[in-house]
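We have chain A; now place chain B onto it with these hints.
There are 2 protein chains.
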Amino acid sequence: MIKPRTPPGILELLPREQIAFQRMLDIIRRNYERFGFLPVETPVFELSDVLLTKSGGETERQVYFVQSTGTLEKREQGLPELALHFDLTVPLARYVAEHEHALTFPFRRYQMQRVYRGERAQRGRFREFYQCDIDVIGKDTLSIRHDAEVLAVIHAVFSEMGIGEFRVQLNNRKLLRGLFESMGITDGDLQAAILREVDKLDKRGPADVRDTLTGGDFGLAADTVQRILDFVAIRSVDHEDALARLETLRNEMGEHDVFQQGVDELREVLQLVRALGVPEAAYCLNLSIARGLDYYTGTVYETQLIDHPQIGSICSGGRYENLASHYSKSKLPGVGISIGLTRLFWQLREAGLVSSIEESCVQAMVALMDETQLTDALDIARLLRIGGINTEMQMESRKIAKQFQYASRAGIRFVVLAGEDELRRGVVTVKDLIREQQYEVTREELADTLRVELEQARALSDW
Amino acid sequence: MIKPRTPPGILELLPREQIAFQRMLDIIRRNYERFGFLPVETPVFELSDVLLTKSGGETERQVYFVQSTGTLEKREQGLPELALHFDLTVPLARYVAEHEHALTFPFRRYQMQRVYRGERAQRGRFREFYQCDIDVIGKDTLSIRHDAEVLAVIHAVFSEMGIGEFRVQLNNRKLLRGLFESMGITDGDLQAAILREVDKLDKRGPADVRDTLTGGDFGLAADTVQRILDFVAIRSVDHEDALARLETLRNEMGEHDVFQQGVDELREVLQLVRALGVPEAAYCLNLSIARGLDYYTGTVYETQLIDHPQIGSICSGGRYENLASHYSKSKLPGVGISIGLTRLFWQLREAGLVSSIEESCVQAMVALMDETQLTDALDIARLLRIGGINTEMQMESRKIAKQFQYASRAGIRFVVLAGEDELRRGVVTVKDLIREQQYEVTREELADTLRVELEQARALSDW
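Residue numbers (the working numbering), protein chains in the order written: chain A, 216 to 678; chain B, 216 to 678.
So here's chain A without its partners, still in its complex pose:
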């Protein structure tokens, strides 16, 4: 006998939790499709030489390699032929480059798959986790207007998810780049190192960060540091304020091309976001947002739950210059976002925001009171299913109290009974375990009745 156990770093869910997780996946997918994105799925493994074009780095050290028994036995030197994908961006680059001539640009794709990283085992860190991505990829150019639409997608997803108020923090990398360049800090690595220190503001406080940046490693002038700290502290309170702050910055900064371009882009994004009907409370400028990666070159997004800032960004992304430079000579600029759903789900559960008493995806249970009523019970289950109601059937008769207990624990809303008396009168009894009501309907009206009840509940919860 072998002890059944899951590998470390895996979030495996019980069915009730899986239902809640699946609902979140469905909401994300529905909204991605609502905005006209097309589904793509790539294999879980890629050829190692294709996947690992950029050698070295933290990512490669976390890669899982895959070997069949045959190649394992040969114990060859060098990297195994296959590796599990560690994100969905590199596979997207490979996909777009490989199928470039069969795709239409701008290419709008969504992709929701699990990815793999050999993270150090740690609470809340997962080695297998869902990423739910959208990207819009242009050929040669891509209008800034897509950057606004992507923000509207974030808003649509998290509005429907109903996990509390959220705000998309918006910035443009050209502002920070322009600011640094205007102060003579042109080296990209140095810019990145400074931003990493700035990121510690919340944890260590301004005095400490200021000391580091003026100290030996960086040696920046005190007024340079102050200017950086003042800049990254900027947040807008509403739409007009955001536009006004950009106007002020433009005037202060004078004729710096990169900076001015960033201001123009941000302003256009803000205006289109409003035209797309995104409420003002759902977005703001946050000039500290840089998104660690060198990858992003324009618009960047992070998304915060207002009542749970400790969760960090629940959806991030931005604009990049060229998706697939390793695979294609074509210039493929893009903009995209990613939701790390496994981590988000885990955090929501930790914060008590995933309700464990959520209704099952099973909506009705047909009870079986007496063996002689089996055929009728089967027919009732059949009518319910044809009528679009997810229905479980009790296949063996047992104490009716046990059957109710089962339905209640399983989160099934309706229990349908048809005893001798009901069968004679051509009706069934419905017990609604949520509204704690009981009523009789004819067998023919049963499915429609329950469907109306379920739709009312859905409309109420949307409200």
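Hints were generated in silico from the structure; no laboratory data involved. A few of these clues could be false.
If chains are identical, the list can't say which one is meant, so a pair holds when it fits in one copy or spans any two.
With a Cα cut of at most 27 Å, we get these calculated DSSO-like pairs of lysine-lysine [said to hold, decoys possible]:
1. 646 with 617
2. 614 with 218
3. 546 with 218
4. 418 with 354
5. 614 with 546
6. 546 with 646
7. 418 with 617
8. 546 with 354
9. 354 with 544
10. 544 with 218
11. 218 with 418
12. 614 with 646
13. 617 with 546
14. 646 with 544
15. 614 with 415
16. 544 with 617
On a predicted model such as this, the values are computed, not experimentally measured, just so you know.
Just chain B now, kept in the frame of chain A:
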């Protein structure tokens, strides 16, 4: 520059194909849920010692092992710690045993994930493929009634999928076992070897198979072989015929316990299948069905497309005695089926049964005729999306003919236009590219109008 390419043995789909594939996945899931099954998802890799409890065999030779960079560098002897799952049954056994006390039995789960096998590279053989499984797992016992319900699920799935007429071939392993035992062939391996020869009937013809079974390797008596060949040739033509044939067999066979039990079980399944409303044409007895695996002990199913028998079984499964004997002392009998969707999709595509002109999941496109109309176009797209219509927005104005061409090629049904004249009159023009119609509606009525049209189309295709 690295040539972008997919590993061998992978079916990667273009977006239009992915939409068709996703629709099939959705139909399977919807029907699995309709019958009250609960979702489960297990990690793509399991601990090798947990996954590979039965050592040796074809399966293990096809296993993919997984190693992080760290363990790869150590080049340790022995098997790597992790391996990709090669089916969903072993992970189910591990899941049920690991979470036994948190589950309610009978436990009804569905699971739709990709699995991995290091198959020899060959046309139509895939190393990564979807399995879409349901299983009902009992504790200690499980009523035969679930075997009937599982057949009703198969019927529901393939009725909705609309890939042509199909028939579930039904048998019970106890019949073949009883037949063999009654003739003194009690060795399970010998029984299996005989059935493998019998399986070649279609390819090699009865004379050839008869020669093999009476020849040196098997040395069976000629009348024994004839009895086996007569037996496995039995097919029923309708429900009454199936029951009558079982009755005849029962009488011919006399008091053989295992055989009689098989007859009783098959009869009960047949009766319940009818009570569940499955039409007679959708199932039949086929006493040759054995399902290679020793695993199955009672009911077995295979499913054939009537017009495409060369595709083989599109959905198979059966009843087994004990799911998790390697992981748990509990006796966990079950019944289940599996749809290998990747292979089915590929075969349907080869047979020209997956329509490449299928409609996109994008239902409407808002055209942009003039830059000054951008804000209105964004608002129209917003209203469509709020109204539940999947909508793509043309973000940059270009020749209207180009925009129509794009929508048409992409399989988008509705193009929505609002030029100067329409905007003044408060209406939009809808071009229906499928019905080749054009009409005007107010902006407020737009989404409802399109939704009604889409629902009509859906109702027609269901018809």
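Results for each hint:
no.	hint	result
1	646 with 617	within (14 Å within a copy, 57 Å between copies)
2	614 with 218	neither (35 Å within a copy, 66 Å between copies)
3	546 with 218	between (52 Å within a copy, 16 Å between copies)
4	418 with 354	neither (42 Å within a copy, 53 Å between copies)
5	614 with 546	between (69 Å within a copy, 24 Å between copies)
6	546 with 646	neither (62 Å within a copy, 34 Å between copies)
7	418 with 617	neither (54 Å within a copy, 53 Å between copies)
8	546 with 354	within (6 Å within a copy, 59 Å between copies)
9	354 with 544	within (11 Å within a copy, 60 Å between copies)
10	544 with 218	between (52 Å within a copy, 11 Å between copies)
11	218 with 418	neither (43 Å within a copy, 45 Å between copies)
12	614 with 646	within (16 Å within a copy, 60 Å between copies)
13	617 with 546	between (65 Å within a copy, 22 Å between copies)
14	646 with 544	neither (65 Å within a copy, 38 Å between copies)
15	614 with 415	neither (62 Å within a copy, 50 Å between copies)
16	544 with 617	between (67 Å within a copy, 26 Å between copies)
Of the numbered hints given earlier, the model fails hints 2, 4, 6, 7, 11, 14, 15; all others are met.
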